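Here the protein sequences come in this chain order: E and Z.
Just so we're aligned: 19 in my numbering is position 19 of the first sequence, and the numbers increase by one with no gaps anywhere.
Just so we're aligned: 165 in my numbering is position 165 of the second sequence, and the numbers increase by one with no gaps anywhere.
Because the hints were derived from the structure by calculation, they are not lab data.
Hints may contain errors.
Calculated lysine-lysine pairs in the DSS-like style (CA-CA distance at most 30 Å, straight line) [said to hold, decoys possible]:
1. Z:Lys41 x Z:Lys185
2. Z:Lys41 x E:Lys119
3. Z:Lys28 x E:Lys119
4. Z:Lys119 x E:Lys41
5. E:Lys119 x Z:Lys102
6. E:Lys41 x E:Lys28
7. Z:Lys185 x E:Lys28
8. Z:Lys102 x Z:Lys119
9. Z:Lys102 x E:Lys102
10. Z:Lys28 x E:Lys185
11. Z:Lys28 x Z:Lys41
12. E:Lys28 x Z:Lys119
13. E:Lys41 x E:Lys185
14. E:Lys119 x E:Lys102
15. Z:Lys119 x E:Lys102
Here are some, though not all, of the chain E residues that point toward chain Z, as calculated from beta-carbon distances under 8 Å [stated by the list, open to error]:
16. Ala66
17. Leu76
18. Gly95
19. His115
Quantities reported herein were computed from a predicted structural model and do not represent experimental measurements.
Ideal Cβ placement from N, Cα and C applies to all residues, glycine included.
There are 2 protein chains.
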Amino acid sequence: MRLALEYAGARYVDVLRTPAGDFRSERKWPPFAPPYLVAGKRVIAQTANILLYLGPRLRLAPRSEAGRLWAHQLQLTIADWLTEVHDTHHPIGSGLYYEQQKPEARRRAADFLAHRLPKFLSYFEGVLTASGGPYLLGRRLTYPDLSLFQMVAGLRYAFPRSMARIERRYPQLVALAARVEFHSKLARYLRSGRRIPFNLQGIFRAYPGLDRRRNKPKKT
Amino acid sequence: MRLALEYAGARYVDVLRTPAGDFRSERKWPPFAPPYLVAGKRVIAQTANILLYLGPRLRLAPRSEAGRLWAHQLQLTIADWLTEVHDTHHPIGSGLYYEQQKPEARRRAADFLAHRLPKFLSYFEGVLTASGGPYLLGRRLTYPDLSLFQMVAGLRYAFPRSMARIERRYPQLVALAARVEFHSKLARYLRSGRRIPFNLQGIFRAYPGLDRRRNKPKKT
Numbered sequence: 001m002r003l004a005l006e007y008a009g010a011r012y013v014d015v016l017r018t019p020a021g022d023f024r025s026e027r028k029w030p031p032f033a034p035p036y037l038v039a040g041k042r043v044i045a046q047t048a049n050i051l052l053y054l055g056p057r058l059r060l061a062p063r064s065e066a067g068r069l070w071a072h073q074l075q076l077t078i079a080d081w082l083t084e085v086h087d088t089h090h091p092i093g094s095g096l097y098y099e100q101q102k103p104e105a106r107r108r109a110a111d112f113l114a115h116r117l118p119k120f121l122s123y124f125e126g127v128l129t130a131s132g133g134p135y136l137l138g139r140r141l142t143y144p145d146l147s148l149f150q151m152v153a154g155l156r157y158a159f160p161r162s163m164a165r166i167e168r169r170y171p172q173l174v175a176l177a178a179r180v181e182f183h184s185k186l187a188r189y190l191r192s193g194r195r196i197p198f199n200l201q202g203i204f205r206a207y208p209g210l211d212r213r214r215n216k217p218k219k220t
Numbered sequence: 001m002r003l004a005l006e007y008a009g010a011r012y013v014d015v016l017r018t019p020a021g022d023f024r025s026e027r028k029w030p031p032f033a034p035p036y037l038v039a040g041k042r043v044i045a046q047t048a049n050i051l052l053y054l055g056p057r058l059r060l061a062p063r064s065e066a067g068r069l070w071a072h073q074l075q076l077t078i079a080d081w082l083t084e085v086h087d088t089h090h091p092i093g094s095g096l097y098y099e100q101q102k103p104e105a106r107r108r109a110a111d112f113l114a115h116r117l118p119k120f121l122s123y124f125e126g127v128l129t130a131s132g133g134p135y136l137l138g139r140r141l142t143y144p145d146l147s148l149f150q151m152v153a154g155l156r157y158a159f160p161r162s163m164a165r166i167e168r169r170y171p172q173l174v175a176l177a178a179r180v181e182f183h184s185k186l187a188r189y190l191r192s193g194r195r196i197p198f199n200l201q202g203i204f205r206a207y208p209g210l211d212r213r214r215n216k217p218k219k220t
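Chain E on its own, in the form it takes in the complex (with noise of 0.2 Å):
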């Protein structure tokens, strides 16, 4: 959402980073859960909703109702995939600590790198070498290719050693990730104090008991 917001140079209140940001929604359509956006009189919440709502205001979405369903469908599989990360650290309960199911979230971290990581990034580079690239609808960039920029930065910081032999496998996945990194209309926003660096409370946490293991030195 923020990466949608700063690439189009929208204006918005970040309320979490604000000392206002005590928001008390409207009764009517109550969120389960933030995030939400705030437009007006309207609050939006599901991320995936708020991108499908920005999308086509931010110019980053496809005119067409068959392109605009795509990227959406795209950004629930992206969706999908976040859980997934939240759950290798949190598998029995999210209002647990880490510390009261660590041997769980071991076990499926384990699992988790060794399967469903190859498989959601095979995934999203056969998505990009479908579309020709070098965005995942084709020429123009759309709201799932930032999604899936911060996906990628968030994995490298989760699971660093993993990520670092994988990547390579990839080739447009790490193509595309730079390309967002260092596009014009985000360098600026990615390195200032506004972005807000991952760290252990987040979705993405570098706990280093859930990365594959550092390699032995061999014994000579």
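Position chain Z against the provided structure of chain E, taking the given hints into account.
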């Protein structure tokens, strides 16, 4: 998806249930995973996205953009809920058998039943209160009502003891589920062979070890 198509009396082929079910997706816009809808030349995946497409066409979504986004937001919240239900029996890896993750499943299911289930039920009870009922968006049935019915039915199958104990706290939700179940446009389908019964291969699974324990008879 099936409920929406049946409710609207749409003609469709359920490839999962036909011998000709060997569907190959087009190359350009490949889905990550089933289910998907083939509509003419188009292939649309992600259940919520399919319902976003079908909703207006089957007259199961409001006309205004704001109303459509709200219906979609509810659907996405139900999708998140469904993922959590799935993870009660597969908290470690969807590629593993339940038998390979039973202790973790017990812990996750207990957390789900204690914390997440009441939170979701109470949220949707609140939405029904705010809408004025009897449906989530008010007087007219829309596709998230069908999904919510399916959720309640699945939860009753998977967690019969827990649901029997707590669902009375959510009278409007119970009334909505009954209203959909006995709706004249669905009653025949729901009692037909086309309706796939809940089973131990689906998202909702009746593993007795995951439901709350039977109350032990009191010692006298």
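For each hint, the structure was consulted:
{"no.": "1", "hint": "Z:Lys41 x Z:Lys185", "verdict": "holds (29 Å)"}
{"no.": "2", "hint": "Z:Lys41 x E:Lys119", "verdict": "holds (26 Å)"}
{"no.": "3", "hint": "Z:Lys28 x E:Lys119", "verdict": "holds (18 Å)"}
{"no.": "4", "hint": "Z:Lys119 x E:Lys41", "verdict": "holds (26 Å)"}
{"no.": "5", "hint": "E:Lys119 x Z:Lys102", "verdict": "holds (25 Å)"}
{"no.": "6", "hint": "E:Lys41 x E:Lys28", "verdict": "holds (11 Å)"}
{"no.": "7", "hint": "Z:Lys185 x E:Lys28", "verdict": "holds (28 Å)"}
{"no.": "8", "hint": "Z:Lys102 x Z:Lys119", "verdict": "holds (24 Å)"}
{"no.": "9", "hint": "Z:Lys102 x E:Lys102", "verdict": "holds (16 Å)"}
{"no.": "10", "hint": "Z:Lys28 x E:Lys185", "verdict": "holds (28 Å)"}
{"no.": "11", "hint": "Z:Lys28 x Z:Lys41", "verdict": "holds (11 Å)"}
{"no.": "12", "hint": "E:Lys28 x Z:Lys119", "verdict": "holds (18 Å)"}
{"no.": "13", "hint": "E:Lys41 x E:Lys185", "verdict": "holds (29 Å)"}
{"no.": "14", "hint": "E:Lys119 x E:Lys102", "verdict": "holds (24 Å)"}
{"no.": "15", "hint": "Z:Lys119 x E:Lys102", "verdict": "holds (25 Å)"}
{"no.": "16", "hint": "Ala66", "verdict": "holds (6 Å)"}
{"no.": "17", "hint": "Leu76", "verdict": "holds (4 Å)"}
{"no.": "18", "hint": "Gly95", "verdict": "holds (5 Å)"}
{"no.": "19", "hint": "His115", "verdict": "holds (5 Å)"}
Checked against the numbered hints above, the structure violates none of them.
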